[in-house]
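This is what each chain is made of:
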Amino acid sequence: MADKLLDVKNLSVDFKTTDGAFHAVKNVSFSINKGETLALVGESGSGKSVTALSIMQLLPYPLASHPSGSITFEGQELVGKKETFLRTIRGSQIGMIFQEPMTALNPLHTIERQIGEILKLHQKMNEAAVKKRVLELMDLVQLPKLKDRLNAYPHELSGGQRQRVMIAMALANNPELLIADEPTTALDVTVQAEILELLERLQKELNMAMLIITHDLSIVEKFADHVCVMKNGEIVEQNATTALFSAPKQEYTKMLLSSQPRGVAKPAPDISPVVLEAKDIRVHFPRAKNWYGKVTEVVKAVDGLNVTIKQGHTVGVVGESGSGKSTLGFALLRLVNGQGQIKFNGADISAYNRKQMTPLREDMQIVFQDPFGSLSPRMSVAEIIGEGLKVHRANLTPAERDELVVKVLNDVHLNPDTRHRYPHEFSGGQRQRIAIARAMVLEPKFVVLDEPTSALDVSVQSQIVDLLRELQEKHNLAYLFISHDLRVVRAMAHDLIVMKDGVVVESGPASQIFANPKQSYTKILMEAALNLKARAA
Amino acid sequence: MVLSPLSKRRLAQFKANKRGYYSFWIFLALLAVCLFAEVIANDKPVLVKFENGFYTPFLQSYPETTFGGDFETETDYRDPYVQELIEAKGWIIWPLIRFSYDTISYDLPEPAPSRPTGKNIFGTDDQGRDVAARVIYGFRISVVFGLILTLISSIIGITAGAFQGYYGGKLDLFMQRVIEVWSSLPSLYILIIFSAMFIPGFWTLLAILLLFSQVSLVDVVRAEFLRARNFDYVRAANALGVSNHTIMHRHVLPNAMVATMSMMPFILTGSITALTSLDFLGLGLPPGSPSLGELLSQGKNNLQAPWLGISAFFSLAFMLTLLTFIGEAVRDAFDPRKTTL
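As you go down the protein sequences, you meet chains A and B in turn. Numbering of the first sequence is given in this note's numbering, commencing with residue 1 and proceeding in unit increments. Numbering of the second sequence is given in this note's numbering, commencing with residue 1001 and proceeding in unit increments.
Derived from the structure by calculation, the hints contain no laboratory data. Backbone N, C-alpha and C define an ideal beta-carbon position, used for all residues, glycine too. Do not rely on the hints blindly, as some may be mistaken.
[To be verified] With a cut-off of at most 27 Å between alpha-carbon atoms, the simulated DSS-like pairs for lysine-lysine come out as follows:
no.	chain 1	residue 1	chain 2	residue 2
1	A	K120	A	K81
2	B	K1015	A	K355
3	A	K81	A	K147
4	A	K4	A	K249
5	A	K16	B	K1015
6	A	K390	A	K474
7	A	K300	B	K1018
8	A	K131	A	K81
9	B	K1170	A	K294
10	B	K1170	A	K16
11	B	K1089	A	K16
12	A	K16	A	K4
13	A	K222	A	K289
14	B	K1170	A	K289
15	A	K4	A	K204
16	A	K81	A	K9
[Claimed, not checked] The following residues of chain A were derived to be distant from chain B, with all beta-carbon distances above 10 Å:
no.	residue
17	S65
18	Q123
19	E127
20	A152
21	A186
22	S258
23	E362
24	D370
25	L375
26	V391
27	A435
28	R438
29	E473
30	H475
[As the list claims (entries may be wrong)] To give a feel for the contact side, a few chain B residues facing chain A, derived at Cβ under 8 Å:
no.	residue
31	F1050
32	G1053
33	F1054
34	T1056
35	D1232
36	R1235
37	A1237
38	A1239
39	L1240
40	V1242
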């Protein structure tokens, strides 16, 4: 085709590692026409980002190498070209947006310098022209408010604003191709929708080609003309978006498409004993102190919340990052100190000290978001799971303890023979199962689930949700389910609390709120998170 | 012993740093040799066969009368008369170097310090003592001193850092100020004052140097504990009801050990250098003890006898270089970002 902008043929990428070469990308071929959007979809570790970085030739050479393949951009070969040549392409003809706008921007440069640098480098503009162009770009990415604040530093901006600045940088030289590497993953749901709209509009206006790398199928469905599904460094399937979504050919693609947590929570009996009841929970952190050590300014992480959790029920807590969801969970478990009354099984535990809490810990457990950080890397799986047993069932013999570990590993559908391995030998989903097993082995009554699926790949998320539901039914557990992902919450929660800035915006039965949100904030949240799915429904 | 995969990887990283790995074995070999210095360099034989009995003079003292001599005092095996007596009815196995660190030779070809000869391969110092023997004993005392000092100061440093970092708050604030004040004291002057107050010996010097060297680890360990106490798996352990001490020991300490292990070789070199400099100034080990610092100062005072300075310099430089190479390899081994061998 004549208007083929980027053509990648048989591209392979190898990395040198301690155990020989690692084939990150294997014989990948795809092409993008002018003005077209291509999406690379896949789970983490599937080689999406490496493919994108090799287009820019930004991999850590010579640690990385291309055993085969060619990348042609406007008819010019990019693989193996000199740095000086590549620099004329990077930033000027191909722009790139990264996942985390906080670390992708230099914290010591103002946004004007940040954006202006690229203009000066590639177009040799003078100061006045740079300023003019920066202002233009600010309009383009819809940051009119920042036009008076061009000397602001990245930390003074919100996440969404930062990502817009990143986009402005990428667009500064009118590139023909924009590579967006998970452009919205690090952002809150409401902001995600805005950024995606912006990208879509810009692409139409500027007639750019776009390469989107994402694990989120809903973005793909809405945006891309073509989709390449990647798995273990290979493209499993590629097709036009509509064709792929309506008739996926490969098993893996079908699995990806069907793996999104859907559905609603199974109803639980209304009349069941209350496990935990908390009234007027407040957690304030000191932000500033005066010279005498008196607190002058506080951050109200949680400010006056009431929670009631019944046996067999799940209370979902949703909200954007920084809304105090996790702090609420920690406060209920008395892992951070707060004010307010907490009744657990009828006993007021809000004034218990560490020693008094210890026997209760058996009944209240927590599962964390990041399964890589929540398992001690130096302990074997059996040690990790057995640790709680050592504290609370000190009279068990090692053999009895091992028996319980095996049993709980069966419960979370992990092979018990793997219990003597170390966490790093497991995948993210398996690690999360281990973390769940650690909480479940003590047969708790109440479990706080702090974003248990957010750090996992889509295909694994639904499995974990299924597992959690299964365990709840089996042991009649009470859950506090914290998440920013409304789809997952809808699949789990019986009751819902919507939080913003430490206070409750709306609360009530989940089905009611999902069907008929009353507060405007809830509506925005729902729309942002669920409208992307509207086409699928 | 079963190694966790992490330890295996670290061992592989350590071995991959060839320079450090070989340095490690050379250092171990030297240390092993020096620990048996009495068999290598001594003025008493290792084994004596006399009449029908075997004697081990380097372990036990025998009166001269044992070998048919005249005196009730300990045998002087260097006396040609005694040697003749023994060899008439048996034989003598001598150590490699026939001098101990305090053996004074009176039959030197020139006034002490005398130049290297076949008998004194590195020459003698200004009191007629063999330099080679003194280097071997000096190396041993330096390394042993350094190792003990490193070990004790690590134990104190890690404990102090752990408590400060884990509990934080007022304890941390107070201890940090104490450490800041303490480490801003000019340590050399304090050492000079101390050594004027006490008679310096091996253990007193160790105690005095310990006062200053334990501080170096506190900050590192404290920072690691401060960081790690907010890790999810520490939170999870808290949620399980595990006691504070168990958490510190089982979950947080392994993290801090990474920083500690990579600093230890450098603390060791620091300790050795500190002892050497005190000896050089004449404030260190009691007069007569074999020490590289004292040998250096002799070299400075006797510039006409370069073999003094040169032997001290090379033995010190060699030891410190080995330790630094080992330290680099250890640091590589514990570097989580280092993925290639």
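Status of the hints after comparison with the structure:
1. K120(A) - K81(A): 23 Å, holds
2. K1015(B) - K355(A): Between K1015(B) and K355(A) the Cα gap is close to 46 Å, so the pair fails against 27 Å, i.e. violated.
3. K81(A) - K147(A): 38 Å, violated
4. K4(A) - K249(A): 26 Å, holds
5. K16(A) - K1015(B): Cα-Cα ~18 Å, so holds.
6. K390(A) - K474(A): It holds: about 24 Å lies between the C-alpha atoms, which stays within 27 Å.
7. K300(A) - K1018(B): 55 Å, violated
8. K131(A) - K81(A): Given pair K131(A), K81(A) is violated - Cα atoms ~33 Å apart, limit 27 Å.
9. K1170(B) - K294(A): Cα-Cα ~15 Å, so holds.
10. K1170(B) - K16(A): Outside the cut-off at roughly 48 Å; violated.
11. K1089(B) - K16(A): Violated, at about 70 Å.
12. K16(A) - K4(A): Violated, at about 33 Å.
13. K222(A) - K289(A): At roughly 49 Å apart (the allowed maximum being 27 Å), K289(A) and K222(A) break the hint.
14. K1170(B) - K289(A): 15 Å, holds
15. K4(A) - K204(A): At roughly 18 Å apart (the allowed maximum being 27 Å), K204(A) and K4(A) satisfy the hint.
16. K81(A) - K9(A): Since the Cα atoms of K81(A) and K9(A) sit roughly 16 Å apart, the hinted pair holds (cutoff 27 Å).
17. S65: Consistent with the label, S65(A) stays out of reach of chain B, its closest Cβ about 13 Å off (over 10 Å).
18. Q123: Answer for Q123(A): holds, closest chain B Cβ roughly 37 Å.
19. E127: 40 Å, holds
20. A152: 30 Å, holds
21. A186: Consistent with the label, A186(A) stays out of reach of chain B, its closest Cβ about 19 Å off (over 10 Å).
22. S258: 30 Å, holds
23. E362: 7 Å, violated
24. D370: The claim is violated: D370(A) sits with its nearest Cβ about 6 Å from chain B, within 10 Å.
25. L375: 6 Å, violated
26. V391: Per Cβ check, V391(A) is inside 10 Å of chain B; nearest 5 Å; violated.
27. A435: A435(A) not clear of chain B: closest Cβ-Cβ about 7 Å, inside 10 Å.
28. R438: R438(A) not clear of chain B: closest Cβ-Cβ about 7 Å, inside 10 Å.
29. E473: E473(A) clear of chain B: closest Cβ-Cβ about 23 Å, beyond 10 Å.
30. H475: 17 Å, holds
31. F1050: 59 Å, violated
32. G1053: 57 Å, violated
33. F1054: 53 Å, violated
34. T1056: 48 Å, violated
35. D1232: 4 Å, holds
36. R1235: Hint holds; R1235(B) Cβ to chain A Cβ min 6 Å, cut 8 Å.
37. A1237: 7 Å, holds
38. A1239: 5 Å, holds
39. L1240: The hint holds - L1240(B) has a Cβ within 8 Å of chain A, the shortest such distance being about 4 Å.
40. V1242: Constraint on V1242(B) satisfied, holds at 6 Å.
Violated hints for the displayed structure, listed by number in ascending order: 2, 3, 7, 8, 10, 11, 12, 13, 23, 24, 25, 26, 27, 28, 31, 32, 33, 34.
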